[in-house]
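Novice: Sequence:
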Amino acid sequence: MQPLNFPAYNFRFKNSENKVQIFDVIRKKFVVLQPEEWVRQHVVHHLISDKNYPKSLINVEKQVKLNNMIKRYDVVVYNSDASIEILVECKAPEIKISQLTFDQIARYNMELKANYLMVTNGQDHYYCKMDLEKEKYTFLQHIPDFSR
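Residue numbers 1 to 148, in UniProt numbering, belong to the letters of the sequence shown in order.
Think of the hints as simulated: they come from the structure by calculation, not from any bench.
As the structure is a prediction and not an experimental result, all values here were calculated from the model.
Where a beta carbon is used, it is the ideal one built from N, C-alpha and C, also for glycine.
Take these hints with a grain of salt, some might be off.
Unchecked claim - Between beta-carbon pairs, the in silico distance windows are:
| hint | residue 1 | residue 2 | range |
| --- | --- | --- | --- |
| 1 | 82 | 23 | 22 to 30 Å |
| 2 | 5 | 52 | 14 to 22 Å |
| 3 | 18 | 67 | 21 to 29 Å |
| 4 | 100 | 141 | 32 to 40 Å |
| 5 | 70 | 141 | 28 to 36 Å |
| 6 | 2 | 134 | 35 to 43 Å |
Let's have the full structure, built from the sequences with the hints guiding it.
Specialist: Below, the structure written as structure tokens:
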């Protein structure tokens, strides 16, 4: 896998059925290493190692129902009251981040109501603080560190 615009992290890998797998510390299992998964695992380690979010508040690849359709989010960071602090959309490194990507995460967030959004393809990272009442977002330089 190609290097990403994140610090180096210690990942665990294994080969199974001629496929490389990476250990997901949140799901506590090995998953097939695809380009988007490579980005997702970097995001998870970034949130834990660099931003100090506890693993217990992070959830990965869960389904959510939006307009009677089942969608899947990449990473969510919860607050201790079960509200959503950060919603993350991961794309493979070769996928350019576009307005469509922001539209996708904004649609998810209409239901989930996260305080912050992060969109990344592993090379480019975008962070927003949501104003849910005004249905607007403000771009930030980075996502806030965990504080509780």
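Novice: Would you mind marking each hint as holding or not holding in the structure?
Specialist: Each hint, compared with the structure:
In this structure the supplied range 22 to 30 Å holds for residue 82 paired with residue 23, their Cβ-Cβ distance being about 26 Å. Between residue 5 and residue 52, the C-beta spacing of about 20 Å keeps the proposed range 14 to 22 Å intact. The hinted range of 21 to 29 Å is not satisfied by residue 18 and residue 67, whose Cβ atoms lie roughly 39 Å apart. Distance hint check for residue 100 and residue 141: the Cβ-Cβ separation is about 23 Å, which falls outside the suggested range of 32 to 40 Å.
Taken as a hint, the range 28 to 36 Å holds for the pair residue 70 and residue 141, whose Cβ atoms sit roughly 34 Å apart. One distance hint, 35 to 43 Å for the beta-carbon pair residue 2 and residue 134, holds here, with the actual separation near 38 Å.
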